[in-house]
Amino acid sequence: MWKKIFGGVATDAASHDTSPICAVRCENMPHHVAIVMDGNGRWAKAQGLSRSAGHEAGVRTLKRIVRAASDMGIEVLTVYAFSTENWKRPPIEVDFLMRLFDSFLQKEIEEMHRENVRIHFIGRRDRFGDRFRRRMREAENLMANNTGLRFNVAVNYGGQDEILRAAHSLAERVASGQLTPEDIDEAAFSNELDTAGDPPVDLFIRTSGDLRLSNFLLWQSAYAEFYFTDTLWPDFTPDHLAAAVEDFAGRTRRFGGLTAED
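By UniProt numbering, the letter at position 261 of the sequence shown is numbered 261, and the numbering carries on one by one without gaps.
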């Protein structure tokens, strides 16, 4: 479907404004897409497989979606990989997820680098071991100068925690005399978030049918358009992503104001 909708033209963020895709509907394309990748466990259960197999299938889906998002000309893709609350899961599952994350960092980074993707990890890193933190830094450094899709991976991330960290940082700067309270506005606050420099979320996708945010990108999604699908994450394809983007393109965004039709 997505090749039909967007002409199958591969672009990157640097060419977004002049691409054939953009010539058709640049003003309607989401610049920043966020995805809650939900349903790995339910998918595995339906297949008679272990939850671990579901998470492995979810990683395969993620690889396809990253490539599709890049081809569609989306500038920023942010995915919810592991939340601050996910530590409450059974230790055996958490351990597997950490090993799966480590494997992803070892096996997929070079390919994403070749495809001009720029990766960035958001969330708290203090709970990860030295090896994980080193791998994340190495991946970010390797792709720091890439100009294509900006791929944010949220690990040990919580929206409320992110907002608190930003507030603490600003409070410390005020206390030290670097800022006054009057200096703090929406832009100043946004610059303290993990996603500093990224546009706000335009399209927020959640798979598996649940209708909630789950503490993901709370500040950044203030005016996001939401797209919920019953499709479980391992079954989510580039065609599903294209359908969400097409649905977004047909919506009227008011940002609290009115349009000519109103």
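Fair warning: there could be bad hints in the mix.
Quick list of in silico lysine to aspartate or glutamate cross-link-like pairs, DMTMM-like style, CA-CA up to 20 Å [what the hints assert, rightly or not]:
#1 K63 - E108
#2 K63 - D185
#3 K107 - D126
#4 K63 - D102
Ranges of calculated distance between the beta carbons of each label pair, as one might list FRET restraints [unchecked claim]:
#5 R253 - P91: 19 to 27 Å
#6 R251 - P181: 32 to 40 Å
#7 E111 - A187: 33 to 41 Å
#8 D185 - R99: 37 to 45 Å
#9 A188 - A46: 41 to 49 Å
Hint data in this document are derived by calculation from the structure and do not stem from the laboratory.
Glycine included, every Cβ here is placed at the ideal spot set by N, Cα and C.
(message) Can you confirm whether the C-alpha distance between K63 and E108 stays at or below 20 Å?
(response) holds (8 Å)
Query raised in the report: Does the Cβ distance between D185 and R99 fall inside 37 to 45 Å?
Result: 43 Å Cβ-Cβ, so the 37 to 45 Å window holds.
| query | Do R251 and P181 keep their Cβ atoms within the hinted range of 32 to 40 Å? | reply | holds (37 Å)
- prompt: Do the Cβ positions of E111 and A187 conform to the proposed distance bound of 33 to 41 Å?
  reply: holds (35 Å)
Item to complete: Would you check the hint for K63 and D185, treating anything up to 20 Å between C-alpha atoms as holding?
Response: violated (37 Å)
- Task: Compare the distance between the alpha carbons of K63 and D102 with 20 Å, and conclude whether the hinted pair is satisfied.
- Result: Judged against 20 Å, a Cα distance of about 15 Å means the pair holds.
With respect to the beta-carbon atoms only, verify the hint that A188 and A46 lie 41 to 49 Å apart. holds (47 Å)
Hinted pair, alpha-carbon criterion (20 Å max): K107, D126. Please report holds or violated.
Outside the cut-off at roughly 23 Å; violated.
Given a hinted range of 19 to 27 Å, is it respected by the beta-carbon distance of R253 and P91?
Distance hint for R253, P91 is violated at roughly 43 Å.
The structure is inconsistent with the numbered hints 2, 3, 5, although it conforms to all the rest.
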